[in-house]
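Colleague: Here's the letter readout for the chains.
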Amino acid sequence: MKKGVKVSSSYSSRLFFWILIAAVVVYVFQAIFIFGTSFQYYRHAIANIFIVILALLALFSTIFIYRKISQNFPREKEGKLFLIISIFLFFLGDLLWLIAEAVFDKVTPLGSYPDLAWSLAYVALIISLVYFISVGFRPSSRLIYLLVVTGLVIGGVILFNDVSEDIREGNVGFSHFIQDSYILYDVIVLLLIIYLVWPILFEGSQYGWHWVILGGGMLTRLVYDQIFANMSQNNTYYAGHPIDLLYTFFYVSVALAFYIKSKDFVRGDDD
Amino acid sequence: MMIKLVLSRPEKLEKNFIESLKKSADNTVLVLSSKPYDLLKDDLVKVSKGRHFLFIDTIDKPSENGVIYLSGENLTSLSIAINQSQQSFTGKVTILFDSITNLAIRNNLDVLVKFFSFILYRSHEWDVDLVFVLPKGSTDEKLVALIKQSADKIEVR
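Protein chains in written order, with the numbering used here: chain A, 1 to 271; chain B, 1 to 157.
Bear in mind the hints are in silico, worked out from the structure with no lab data behind them.
Label pairs and their in silico Cβ distance ranges:
no.: 1; chain 1: A; residue 1: I194; chain 2: B; residue 2: K23; range: 41 to 49 Å
no.: 2; chain 1: A; residue 1: F202; chain 2: B; residue 2: N108; range: 14 to 22 Å
no.: 3; chain 1: B; residue 1: S117; chain 2: A; residue 2: F202; range: 21 to 29 Å
no.: 4; chain 1: A; residue 1: Q206; chain 2: B; residue 2: P10; range: 27 to 35 Å
no.: 5; chain 1: A; residue 1: G216; chain 2: B; residue 2: D26; range: 32 to 40 Å
no.: 6; chain 1: A; residue 1: G156; chain 2: B; residue 2: V156; range: 51 to 59 Å
no.: 7; chain 1: B; residue 1: N108; chain 2: A; residue 2: S175; range: 45 to 53 Å
no.: 8; chain 1: A; residue 1: P74; chain 2: B; residue 2: D26; range: 21 to 29 Å
no.: 9; chain 1: B; residue 1: V156; chain 2: A; residue 2: G216; range: 46 to 54 Å
List of simulated lysine to aspartate or glutamate pairs, DMTMM-like, C-alpha gap at most 20 Å:
no.: 10; chain 1: A; residue 1: K77; chain 2: B; residue 2: E125
no.: 11; chain 1: B; residue 1: K41; chain 2: B; residue 2: E19
no.: 12; chain 1: B; residue 1: K35; chain 2: B; residue 2: D60
no.: 13; chain 1: B; residue 1: K46; chain 2: B; residue 2: E64
no.: 14; chain 1: A; residue 1: K68; chain 2: B; residue 2: E125
no.: 15; chain 1: B; residue 1: K4; chain 2: B; residue 2: E14
no.: 16; chain 1: A; residue 1: K77; chain 2: B; residue 2: D127
no.: 17; chain 1: B; residue 1: K148; chain 2: B; residue 2: D110
no.: 18; chain 1: B; residue 1: K22; chain 2: B; residue 2: D43
no.: 19; chain 1: B; residue 1: K4; chain 2: B; residue 2: E141
no.: 20; chain 1: A; residue 1: K68; chain 2: B; residue 2: D127
no.: 21; chain 1: B; residue 1: K61; chain 2: B; residue 2: E73
Derived list of chain B stretches under chain A, where covered just means 3 residues or more per stretch with a C-beta under 8 Å from a C-beta of chain A:
no.: 22; region: 67 to 75
no.: 23; region: 78 to 85
Note that the coordinates shown come from a computational prediction; the quantities given were computed from them, not determined experimentally.
In this text, a Cβ means the ideal position worked out from N, Cα and C, and glycines have one as well.
Okay, chain A solo, but in the shape it has when bound (with noise of 0.2 Å):
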C-alpha cells in the first residue's frame, strides 16, 4: 500500500505450494502414463497409484489448511473437518480398488468395498458443503434445506428410472445399484456448488475463492461419475483410461485451493 496505510501482508505458505506443485507434477506423470504410453504390464497397478498419491496430496493438505482455521471460524472448521473425511474415504476407496485390481486381479471392482467408501465420502462431502454454505450470510435459510430436498427429488426420479431400466435389462445387482446411485449425491453436491459459490464467483472479492476452485473440481468429479458409470455398463472403462485425469483433477484442485486459502494467513503464524 502507498502512503504507509498498512494492509495486512498476504503471503504464499510454502507447505501449501509444494503439496501443490507435487500434486501438478503427479498429475502431468499420470498424464504422460495415460496418453504417451502403451504400456500394459502392471498397468492396473500404476494407473492406480497416481490416484492414490493424488488423493493423498489433497487429504495432506486439508488437514494443513484445518490445523491453521481459528477456533473462532467453527463452521468453517467443521466445514473442513467432514471435508478431511470425505477426501481420506476417497483415498480409502482408491486405495480399496488398487488392492483389488493389483493384488487380487479383480478389473472394475464395482459395487465393492471402494464404493461403500465412496458413498459414504459423499455423504461426508454434502455435510462439508453445509457447513461452508452457512459461514455466509444467506438471506433466506429455508433455502438451503430447499435445495437439498430438490437434490434428493430429482436425484431419486432419475435413480428410479435407472434402476427400473437396470431391472428390465436383467441387469439386477447391488453393484448396478451403487452405480445408479452416484446420481443422486451428484445431484445434490452439484446444487450445493452452485449456491456456495454463485455470491463469490460475480464479485471481484479476493475471499472465498478457494470454495469456488474447490467447487469447480468437484463438478469434474461430477462429470466423471456419469461417464463412468455409462462406460462401466458397456464394460468399456479400463484402468489408465484418459476420464480418470476428470477424476484425479478434484485432488490437484483441493491442493491448489488450499494453497490460495493459505495466502489469507498473515505472514509469521506460518509453520
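Based on the hints, put chain B in the right spot on chain A.
Modeller: Only chain B this time, still in chain A's reference frame:
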C-alpha cells in the same frame, strides 16, 4: 468482545469515524458505506501507522490494490469477506462500519436487519469488537434499535 454504537451528528460522521478508528484494535476490518476509500485515504494514513487495516469499500472501486471492492447489494459476499479477512490477523480484531448508508440504499430493510443480526450474532463467535458509527436520525429506527439492543456501549456525539 464488545459491541459499540456511536450515534453521530451527520456533519461529524467522518470525524467520529476517524476517532473510532483511532481507538480500535491494531487489526481492523473497515467496512466503508459512507465515503469511498479514495476520499478517506489521506485521513486514514494519519491513524494507520504501525497498524493493520483491511478495507472493504462498498461504494466505489478503489484506485489501490489491497482494498476490496464489493457492491453493497451482495450481502453474502460481503459477509464472506468480513469473515475471511479476519483470518489475516493474529490478535485482537475490530470490525468497524463507517455507517450503513450505502447498504441501506441498496438493500431491502428486512434483509439488512437480517444481515446485521447475522453479523451481531457471529461477532460473538469471531470474538471481535464491533463498532458502528451511524448518523443520528437518518438511519432506519428498526436497524438502530437492533444494534442498540446488542450494544454494550452507546455514545452520542
